[in-house]
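There are 2 protein chains.
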Amino acid sequence: MNEEYVCGLDVGGTKMAALVADVTGPLARVSAPTVKTGTVRALAGQALDLLDAACRQAGVPGAAVQKLGVATCGPFVPLDGMLGIAPPNVCGARSKAADLPNDWDVIPLEQVLRERFQTVAVRNDCAAALLAERQFGAARNEPNCVYVTWSTGIGFGLCVDGHILQGKRGNAGHAGHMLMDPLSDAECGCGNLGDIEAIAAGRNLANRLGCDTADLFNRARAGEAAAVEIANDAARWLGRALYNVVAVLDTRLFLFGGGVWNHHGDWLAPLLRREIGRYFPALTDGVEITSATLGARVTDVGALALVLPPAWLPLWNESQPWNRLSEA
Amino acid sequence: MNEEYVCGLDVGGTKMAALVADVTGPLARVSAPTVKTGTVRALAGQALDLLDAACRQAGVPGAAVQKLGVATCGPFVPLDGMLGIAPPNVCGARSKAADLPNDWDVIPLEQVLRERFQTVAVRNDCAAALLAERQFGAARNEPNCVYVTWSTGIGFGLCVDGHILQGKRGNAGHAGHMLMDPLSDAECGCGNLGDIEAIAAGRNLANRLGCDTADLFNRARAGEAAAVEIANDAARWLGRALYNVVAVLDTRLFLFGGGVWNHHGDWLAPLLRREIGRYFPALTDGVEITSATLGARVTDVGALALVLPPAWLPLWNESQPWNRLSEA
Chain A
1 MNEEYVCGLD VGGTKMAALV ADVTGPLARV SAPTVKTGTV RALAGQALDL LDAACRQAGV
61 PGAAVQKLGV ATCGPFVPLD GMLGIAPPNV CGARSKAADL PNDWDVIPLE QVLRERFQTV
121 AVRNDCAAAL LAERQFGAAR NEPNCVYVTW STGIGFGLCV DGHILQGKRG NAGHAGHMLM
181 DPLSDAECGC GNLGDIEAIA AGRNLANRLG CDTADLFNRA RAGEAAAVEI ANDAARWLGR
241 ALYNVVAVLD TRLFLFGGGV WNHHGDWLAP LLRREIGRYF PALTDGVEIT SATLGARVTD
301 VGALALVLPP AWLPLWNESQ PWNRLSEA
Chain H
1 MNEEYVCGLD VGGTKMAALV ADVTGPLARV SAPTVKTGTV RALAGQALDL LDAACRQAGV
61 PGAAVQKLGV ATCGPFVPLD GMLGIAPPNV CGARSKAADL PNDWDVIPLE QVLRERFQTV
121 AVRNDCAAAL LAERQFGAAR NEPNCVYVTW STGIGFGLCV DGHILQGKRG NAGHAGHMLM
181 DPLSDAECGC GNLGDIEAIA AGRNLANRLG CDTADLFNRA RAGEAAAVEI ANDAARWLGR
241 ALYNVVAVLD TRLFLFGGGV WNHHGDWLAP LLRREIGRYF PALTDGVEIT SATLGARVTD
301 VGALALVLPP AWLPLWNESQ PWNRLSEA
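Line by line, the protein sequences give chains A and H. Quick note: the first sequence, position 171, residue 171 per this note's numbering, numbers continuous. Quick note: the second sequence, position 38, residue 38 per this note's numbering, numbers continuous.
Derived by calculation from the structure, the hints in this document are not laboratory data.
Reference listing, derived: stretches of chain A covered by chain H, where coverage requires no fewer than 3 residues with Cβ under 8 Å from a Cβ of chain H:
(1) 156-164
(2) 183-193
(3) 243-253
(4) 277-285
Keep in mind it's a predicted model, so treat the numbers as computed, not measured. Just so you know, even glycine gets a beta-carbon here, dropped at the ideal spot from N, CA and C.
Make a model of the complete structure from these sequences and hints.
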């Protein structure tokens, strides 16, 4: 198999990104809003188009790339022995909101991509992000670590004893759907009331004040009482959820990314640390919360990391070529 | 190293058991109430005495046994590079109740045992129980499984992708200390209010009706309204906690043991299943709840399993020699 080039694909509920890389690092990155209309194969078809576009932009002949790493939103649902995806914010048949212009139930993502690529490695996006941090970032020497994206939604990638967890269908790390507040009427896309995503994800917080997420946190940082209360409340609940993860997995290090964190982590981190520190010292002593090293491109690099030839790792660690991606 | 014999030790907050085994299976089992007075080495000293007694009872010369597997209550606290234990229901300095006749902070369990045995493998008791089920029981072919003891306390052993989780200090599986009900005033030994152990463990349930655990469940099964409500409530909360474990780990199979389950699992299992089934089908479809195959001796066998020579496994699987232990 040709290992001159590999491709990566990052499938989110809002945006999709395609990358092609060689031994020197990523060569091109192309992104577009995620397609949500057409047949159930439309989303995977868009992925193939973007991958082609990335190859063209990099001047790489498509046939020269046969390995694809995929970091995708979930959950996964088994389909013909492969991994389909059924994200409630993409699939009309899975959405409670009934505002999606399709009737998709399970998207045959792996199936369609395997028609084009010889090797397709599919992982939950946060598990892929954590792999990037394990190979290139702050988690390189930490076998018990968790990646958290605090963004429109809340997702987790989990590593215990050096092993990134997959679970029975690759859905380990859906800890954003842990039930936290039995009295909450905040509804999650998955149908749960009061799970941590419903309570503390960016979109849901902002809805409570009738503004957008950026506005909510700017108002909170400016000291506006209603916004401060919502932001503090979200941090307390997420801190409790992180403690629960520590109680289950005996985690030492949390690495954060996602829009809410990337803009307001400096202000939110102390609130999270204080909440975790309130519980069971034998478990929580020494737990750290910090930012993912790879920043906004951590999931893109994670997708590539799924299929990176091992010989490339030391070179990438030295040159840190993902920094190019911020300009791409 | 001599592999004719191995020893096992099961350290609980109430009772301690010591075993010696050879290729044919367990030869003797000796147990006693866990010592909670004397110096901080007293508990480990009692363990050595019980292990000696088990060897004597089996007619095995003590010097012939140099491998010891230890299944113990936790949490673990690092001590001189080894695993000490600091269970809140044993260590006076860690107890909120202040009713323990000692001022122990961390018990040097591994340290003292290593003065006697060449090989000492120490694991959380529920992780050891799960190992027994993985080697000999219902989880032999299930890489994504969890052992739950529902007893005086509530503990978990976790297996994901075929790997039994340890965590940064061996404390993975303390999911009994997940925070569930923010309004609960039920206090756990660890200091938490409203964690699942505080809400649903046998002792705490019975306290609410001023009776013992056996009495509570007998009255519930007889239809007494107050007891039914408490038992239903406990099952609902524990079902929510199991769902949370599924959301984190994508577990397929739960294996239950412990006093509450062993006496009332037939009545409680449908309540747990119904609660889990209320949430996120993509994660919960196909999740099963059943009894641990090895029954009341699962943790004893788990302790032995930590140091069993691999050549013994097929023989034990064939002869199921742990069944002898019910008479020992």
